[in-house]
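Residue numbers (full-length UniProt numbering), protein chains in the order written: chain A, 1 to 340; chain B, 1 to 340; chain C, 1 to 340; chain D, 1 to 340; chain E, 1 to 340; chain F, 1 to 340.
Honestly, the hints are just simulated from the structure, not real lab data.
Incorrect hints may have been included.
One copy or any two copies: either way a pair holds, since identical chains are not told apart in the list.
What the hints assert, rightly or not - Derived lysine-lysine pairs resembling DSBU-like cross-links, with alpha carbons at most 30 Å apart:
id: 1; residue 1: Lys-170; residue 2: Lys-106
id: 2; residue 1: Lys-114; residue 2: Lys-2
id: 3; residue 1: Lys-170; residue 2: Lys-205
id: 4; residue 1: Lys-186; residue 2: Lys-77
id: 5; residue 1: Lys-231; residue 2: Lys-218
id: 6; residue 1: Lys-77; residue 2: Lys-2
id: 7; residue 1: Lys-218; residue 2: Lys-170
id: 8; residue 1: Lys-80; residue 2: Lys-222
id: 9; residue 1: Lys-236; residue 2: Lys-222
id: 10; residue 1: Lys-170; residue 2: Lys-80
id: 11; residue 1: Lys-262; residue 2: Lys-80
id: 12; residue 1: Lys-236; residue 2: Lys-262
id: 13; residue 1: Lys-106; residue 2: Lys-262
id: 14; residue 1: Lys-222; residue 2: Lys-114
id: 15; residue 1: Lys-141; residue 2: Lys-170
id: 16; residue 1: Lys-262; residue 2: Lys-145
id: 17; residue 1: Lys-80; residue 2: Lys-141
id: 18; residue 1: Lys-145; residue 2: Lys-205
id: 19; residue 1: Lys-222; residue 2: Lys-186
id: 20; residue 1: Lys-145; residue 2: Lys-106
id: 21; residue 1: Lys-229; residue 2: Lys-77
id: 22; residue 1: Lys-114; residue 2: Lys-141
So the chains spell out like this:
Protein chains: 6
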Amino acid sequence: MKVLTFGEMMLRLKTPNNERILQTQHFEASYGGAEANVAISLALLGNDVEYISKFPQNLLGSAAENTLKKYGVNTSKLLKGEGRLGTYYFEKGASLRSTNVIYDRKGSVLEQAKAEEFDWDTIFEDVDYFYFSGITPAISKEMQKACFMACEYCQKHDIPIVCDLNYRGKMWSSQEAQSVMTGVMKYVTICIAHDEDFEATLGIKAFDGDSSSGIEQKETFKSAMLAIKRKYPNVKMVASILRNIFSVEDSQWMGLLLKNNKFYETPIYDVHVMEGVAAGDAFGAGLLHGILHAYNAQKLISFALSASVLKLTITGDLNLVSEEEITAVMNSNTVSRLSR
Amino acid sequence: MKVLTFGEMMLRLKTPNNERILQTQHFEASYGGAEANVAISLALLGNDVEYISKFPQNLLGSAAENTLKKYGVNTSKLLKGEGRLGTYYFEKGASLRSTNVIYDRKGSVLEQAKAEEFDWDTIFEDVDYFYFSGITPAISKEMQKACFMACEYCQKHDIPIVCDLNYRGKMWSSQEAQSVMTGVMKYVTICIAHDEDFEATLGIKAFDGDSSSGIEQKETFKSAMLAIKRKYPNVKMVASILRNIFSVEDSQWMGLLLKNNKFYETPIYDVHVMEGVAAGDAFGAGLLHGILHAYNAQKLISFALSASVLKLTITGDLNLVSEEEITAVMNSNTVSRLSR
Amino acid sequence: MKVLTFGEMMLRLKTPNNERILQTQHFEASYGGAEANVAISLALLGNDVEYISKFPQNLLGSAAENTLKKYGVNTSKLLKGEGRLGTYYFEKGASLRSTNVIYDRKGSVLEQAKAEEFDWDTIFEDVDYFYFSGITPAISKEMQKACFMACEYCQKHDIPIVCDLNYRGKMWSSQEAQSVMTGVMKYVTICIAHDEDFEATLGIKAFDGDSSSGIEQKETFKSAMLAIKRKYPNVKMVASILRNIFSVEDSQWMGLLLKNNKFYETPIYDVHVMEGVAAGDAFGAGLLHGILHAYNAQKLISFALSASVLKLTITGDLNLVSEEEITAVMNSNTVSRLSR
Amino acid sequence: MKVLTFGEMMLRLKTPNNERILQTQHFEASYGGAEANVAISLALLGNDVEYISKFPQNLLGSAAENTLKKYGVNTSKLLKGEGRLGTYYFEKGASLRSTNVIYDRKGSVLEQAKAEEFDWDTIFEDVDYFYFSGITPAISKEMQKACFMACEYCQKHDIPIVCDLNYRGKMWSSQEAQSVMTGVMKYVTICIAHDEDFEATLGIKAFDGDSSSGIEQKETFKSAMLAIKRKYPNVKMVASILRNIFSVEDSQWMGLLLKNNKFYETPIYDVHVMEGVAAGDAFGAGLLHGILHAYNAQKLISFALSASVLKLTITGDLNLVSEEEITAVMNSNTVSRLSR
Amino acid sequence: MKVLTFGEMMLRLKTPNNERILQTQHFEASYGGAEANVAISLALLGNDVEYISKFPQNLLGSAAENTLKKYGVNTSKLLKGEGRLGTYYFEKGASLRSTNVIYDRKGSVLEQAKAEEFDWDTIFEDVDYFYFSGITPAISKEMQKACFMACEYCQKHDIPIVCDLNYRGKMWSSQEAQSVMTGVMKYVTICIAHDEDFEATLGIKAFDGDSSSGIEQKETFKSAMLAIKRKYPNVKMVASILRNIFSVEDSQWMGLLLKNNKFYETPIYDVHVMEGVAAGDAFGAGLLHGILHAYNAQKLISFALSASVLKLTITGDLNLVSEEEITAVMNSNTVSRLSR
Amino acid sequence: MKVLTFGEMMLRLKTPNNERILQTQHFEASYGGAEANVAISLALLGNDVEYISKFPQNLLGSAAENTLKKYGVNTSKLLKGEGRLGTYYFEKGASLRSTNVIYDRKGSVLEQAKAEEFDWDTIFEDVDYFYFSGITPAISKEMQKACFMACEYCQKHDIPIVCDLNYRGKMWSSQEAQSVMTGVMKYVTICIAHDEDFEATLGIKAFDGDSSSGIEQKETFKSAMLAIKRKYPNVKMVASILRNIFSVEDSQWMGLLLKNNKFYETPIYDVHVMEGVAAGDAFGAGLLHGILHAYNAQKLISFALSASVLKLTITGDLNLVSEEEITAVMNSNTVSRLSR
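Just chain A, same shape as in the assembly:
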């Protein structure tokens, strides 16, 4: 079973420790992006994964590609060309001070690429599952076109599509997102959506915007998930993370899955958060891993949420955990003792 993911990878520049950008003289460099993160998670869990994107033909592009290769993702079909690698600056918050992201991704080599550069016939060779998120079509009109071309290829060749709606308000407006994503949804087999994604990309309200009480809003999330299944009968599963975020460090997480008109839930996990990013990607990868290994619905959502929660304990975009570690968290709600 082979998975293909399609998206943009960026250089991430993070201030060390707790420093603010105004005071720092150093950045920690790593490379990530939603679909690349999913690909790497899947590879670390032992799956066969291919990543498709366009990278600049310079050392930063090579460094990004090497990150994928290092963790076992197949990159042989990557496009390369003149241009820049998208960048983002990451300033971790603390307590009541929010985490801060500065996007510097405009004009990237992928944003400048044409849809036609992607030869889906070749790219989809041997692929069994296709994953992308709402970030990819948010990049440019051409990438929207590329997404639709890929979706049509999948539909024609019975390749199930996993799509994380992943709304990014700094990339497009809700209106633009809806005009595209409602079209995308007609192809999607498994839909992942969190918080404001429901409304911003599909116009279906699940969440009132109060991050400190997401879990309390479980019923509206359920209604929204049912609404998706009703509106897009091609969708076989809808999965979501619900959160109560109390501060940058403290939050509660749970997972919710709708499959065959039945809901499956995880327990609520109390988490001390190291870095609150890319947890949705870890969730998507966990879900897809479970699907590839035919987990039942309850195990599926439990594994996905456990993967997601573990990501919060790790620095960087990548969920550098093993299947054993995810399973340990899934099976126990306290930390296991140090084994010596």
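Using the hints provided, position chains B, C, D, E and F relative to the given structure of chain A.
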């Protein structure tokens, strides 16, 4: 509207991460001091500020001055001369282990300076507000004299004085402090005092010394604040922070303001503390910023406390936050989600 | 009063900050080991301590020895020879992700040493107390022999033995451990045991394996402690730490001491943990320090537990605290304010 | 006497130590750019300087501006707007391996700016000297227009223009550069040119491209300098650095100045190079400082070259040296002993 | 064309900057080993390479494998098992102080492996060239056996063998080395030998041991190379690096190749050395790359030596350079200017 | 044979890498001082050494003392008291830019100490050699007194005195130095003097101040050494280092010894300097080590100079080398190859 602050700036040498001085091979260097911190906060919030002090004529003095300039404080009137820059070593505690400060400030160029070196006529040109804290007169007899000269200038020229009583037990005894600060209080327009400051500098008891229950002692704080107003009718406002400090990381904070014989309070904030220093300076700057912009009493104390609480999330003496960030904390008691 | 401790010291290589081994390019190097940690704690508290072991005759061996000397431990009797220094890799967990230790200690110069290399007559000169833990006999058959030779020397010369059972499942099986440690116990004066140590080394069950509710199991701990005293009448005291571990960062700790058939307890401490290792060694050193200074039973267990809890706030194997700091924690359950 | 410099400032991301981009996980962040470097050098030497540019209205823009303020450059006239800050990656070479720069400056807020946004009447208030380099017009057609508008203003108001031809082959072709810079030269009072700048921007050959023998080509440099004076009679001085670059670390430097048809030379300096960038900016600033202080021609070129050579010993774009340090190098060709 | 290399990969722990092991608290971690270095160099130059070894089944083993994958080496045939990863400590010298290596490689999982674990039929599938060095048989008797089995496979299947004699005096004596390597030489097609390798492994003297005058001994090197060809007629080429090492930083390098009874030499390169290790591996990879691309003899030795010299400018075992960079050094004996 | 050294130890704060104080945010912390450096060198070479001084009773004082203990120096007689530890800031130069030291040592606990605090009867118990440098009497009048008291004790008890004249122009004038040191010289057995020390402390000219040609001035050095012996017949040996310092990195070193009216010289060593401080202390320790082990005059000066030259390759005040390493440098003028 222009503010002048007067005090000492020091080189701060902090062990990295969680290291103790006994084990460290590195120090993080930054420059701070109560009145410099206030000046920088005010400048970062867009105000016109001048800082007056005496700095050594060496690279450390230049580095301190450059810190002020970097964040927009006017330093053109700084005195310079042969001597040393005061230094302090900062070893952050953890959980039940207290934070540790080693002062190495004796013999600094400011401590060695004469009161007469400060030409207040020139220094106060265009100044609308004067800020200093109880640390400045604690430095030396000459600095006490300088403070009184400055206060008299202000009284004569109707420049309101904001004074943070800021008791430092390692610099002078309570008895010495009282003999000076009760005199200073006759000139003060806005008085800031926390915890043991009331008693140590004015002989007015507000706080029983139990840091874990400062907020529970709100009524004795109120009595002390009223006592100040009664004793020093020139004082128009008294402001204070009340805290329940449970561990180095966990505490609760609230603000209290007495104005026109009425008390104004903020809600209680739960804070996960990064660095528990200079929060009082952030509070003073927030208060002064609100006064400069004619905030009403409730907004004044809320803004000041929010500024103070945000400081706790930042490493270093300086409250590197924007007005928007302070306002966000003031308006919500949960952290806002990461905006992407 | 002079203490001798006997064990192995290793190079500890820790990933910086929160990094996982898979992503790190740096290790923080320090040197530690249960009995060396105890020796250093005792020296830091002002006691006369000697450490005996065998170290490799290379720069890593010198660096380990220098660590002991730096903090005042006498190392003049250390054996040296060709071979390697045991090493271990330390990857700190976070929240629900467990801390991870990779032992690379096989083939160390101490493991390769012969029991006969230790000349106990000379080594025990002027020694008043002997301390070792269950790790030492777990190293090799020869070290088991060495331990027994040392124990017999002590018995013959009335030197009290303090033994921390310290079970290490990665070094030997419970069956092996029991076959040795039940023999060792016939010589022991003061016995320290935590959690699974009771059962794994002596076959006496105290703890059901659920780390999140150790304190709730106080009664079974008490029974186990009494069982030890019953079975080994030579044992004068049994001491233990009970813990509720909620996550890598959050836990509750209390101490329990059995002396003269009476139990002594400490209050429960809430701790925000920096590094959850070597706290048992800090406890053992605290206990021994108290014994050396004739503390009464209540003060003994309170001091030992306070030392242990302080260790949790410090990075590295060594409990770099002063007697004043331990006493402050012992006397108050909240952190003292920053003194400036 | 007040100087205005006009150009672009970028975030510079440098790999630490000797690391290559392919292996690094960290970048050292600083902010620089030819004309900003000149402004900061002049301010550090005690001169009154203003910097004009357009910066993004985000934390990176603020950090860049703070760098200027920190070292005393006036930034009150800076334009600000939505957009990105140009970035460049710096990988220091070693021995035979060349230093490597990756420009990521396209689409910067200055490149996107319109010429009309710069109100030269206001900007030039009180300005006595204008400095810019060939990089500014290389940014965009609009910046070319802005340069010409500034030049015309200067011509009309008798403000001397110092221009460093500063050819950047990664920004424009020699043909484009010539079409613009030959026009710019009609306004220039003092012209700085090195190596291939002569030919690439003016079509006047001075240098055969062999970096290891620049000094040996002194006569062709002289001819080129005379050719400039002949072709552009408005030019009062032409200054140039000649180099023999043997490796990344080892080189020889000398300065050459043409003034009133007479040549002035410095001795040849052997330099062990720390960072071979921004030395031309240090040279320009040294020259301009000398002009502002009416140095004679010989002292002018000696001071400028000494400033330039000192820059090679410093990490970062900024020449963080004092006038005393430059003078010491100017007066002696060996290093002075450590003064203690 | 596919290359297989066979050897051991180790964790390398290097003190940062110029620190000695006695003073350091940090190690920089990377992974390398002669044959892995060659494999990575070949992959970075665009060749198809497979690496065979046995790695421990733990995070350190994964980190080593990820290093290979990151740079494009195929690792699918790696053996894995319980055990430890060999380690070495690297303390860079300076000037007259020698660089210092502490091997801690005994008992590694590869040393403990059996020759039979390697199934050469499968391993050599599609392989066109086989590379290993004298380090592999120095590991253990079993690895000697494995080397001979591999050599016989190659002889039977006409796969040319490239062997770097690579004597390691800390691993085996000259006598042991000769007893094995003289046997190995009967299978070798291309032989690489430097300095004392000739004598220590084959008993053929080329070098008198004075590192400061290796180049002056060119004639004895030539005789030794001819002696090899005479004694082992299967050898088609012998290649060697000659060096004058003046200090840790300063040396001169040249290459020498014997092919078809003709000698080919490179010019002498003056190098400022960053890290004087793994340059021989870079040389071997450069040679093999040239052979794979049918370079003529002169270009072969020039390319190999240039690759080797570039390695000296890079930190870590890996020669992270591109073909363009090697070619640039090959074509010019001075560094090219910074291109901007 | 036991050596006592007497002086001041300071905290040394060094900017990392090549950073200037104006740009740094970090200092590397270590502890050193001429006589402490000598003591540590002697201990590292296996000698019995005691260090006497007065240290502050705080964590910085403990850290300084621990440094001595770590490397084996006996500190049991150290005085302790309230006060500060002297500090100095170290900014390493590069090429033509001089290294920069900022002393912040005034008001240290040793400067404030009284001569009477030192009980020489006790301190000198078992001492066979006494070492101090001209820095100790430069600290204060009281320390001058203490030095004279120690000298008289030595004279009375036949303890030879080794004195490094060590002139520090930032601590006292040449006139003050001469008035004290000419008195001290009446007690000295072995005198060490470099460069301007001769003239500044004794009024005997050896050196014309041109650091680039110290070796060329060998004859005037010899005359000065003879003049010392003539004037102070108690002096048995005079030793000196002669240097040609070409840049911060490049210099030539040689040693010169006068013993029994005969001169002994070393060859000239070319050194690439890492850190040009404390080399004189390494020289003194090497000399004293040789004396303790009865080296002949030629070996004495060769060993001392080799120790000194090795120090230049090490970061920090301490000469962390072994006797084997010194001997290797003494026996060969090229670096030995990496042994693996």
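Results of checking the hints against the structure:
no., hint, result
1, Lys-170 / Lys-106, "both (11 Å within a copy, 20 Å between copies)"
2, Lys-114 / Lys-2, "within (26 Å within a copy, 35 Å between copies)"
3, Lys-170 / Lys-205, "within (20 Å within a copy, 50 Å between copies)"
4, Lys-186 / Lys-77, "within (27 Å within a copy, 43 Å between copies)"
5, Lys-231 / Lys-218, "within (20 Å within a copy, 57 Å between copies)"
6, Lys-77 / Lys-2, "both (14 Å within a copy, 20 Å between copies)"
7, Lys-218 / Lys-170, "within (27 Å within a copy, 44 Å between copies)"
8, Lys-80 / Lys-222, "neither (42 Å within a copy, 46 Å between copies)"
9, Lys-236 / Lys-222, "within (15 Å within a copy, 56 Å between copies)"
10, Lys-170 / Lys-80, "both (26 Å within a copy, 20 Å between copies)"
11, Lys-262 / Lys-80, "neither (44 Å within a copy, 43 Å between copies)"
12, Lys-236 / Lys-262, "within (11 Å within a copy, 62 Å between copies)"
13, Lys-106 / Lys-262, "neither (42 Å within a copy, 51 Å between copies)"
14, Lys-222 / Lys-114, "neither (38 Å within a copy, 51 Å between copies)"
15, Lys-141 / Lys-170, "both (16 Å within a copy, 29 Å between copies)"
16, Lys-262 / Lys-145, "neither (34 Å within a copy, 62 Å between copies)"
17, Lys-80 / Lys-141, "both (19 Å within a copy, 29 Å between copies)"
18, Lys-145 / Lys-205, "within (27 Å within a copy, 51 Å between copies)"
19, Lys-222 / Lys-186, "within (20 Å within a copy, 64 Å between copies)"
20, Lys-145 / Lys-106, "both (18 Å within a copy, 25 Å between copies)"
21, Lys-229 / Lys-77, "neither (34 Å within a copy, 45 Å between copies)"
22, Lys-114 / Lys-141, "both (9 Å within a copy, 26 Å between copies)"
In the structure shown, a violation is registered for the earlier hints numbered 8, 11, 13, 14, 16, 21, in ascending order.
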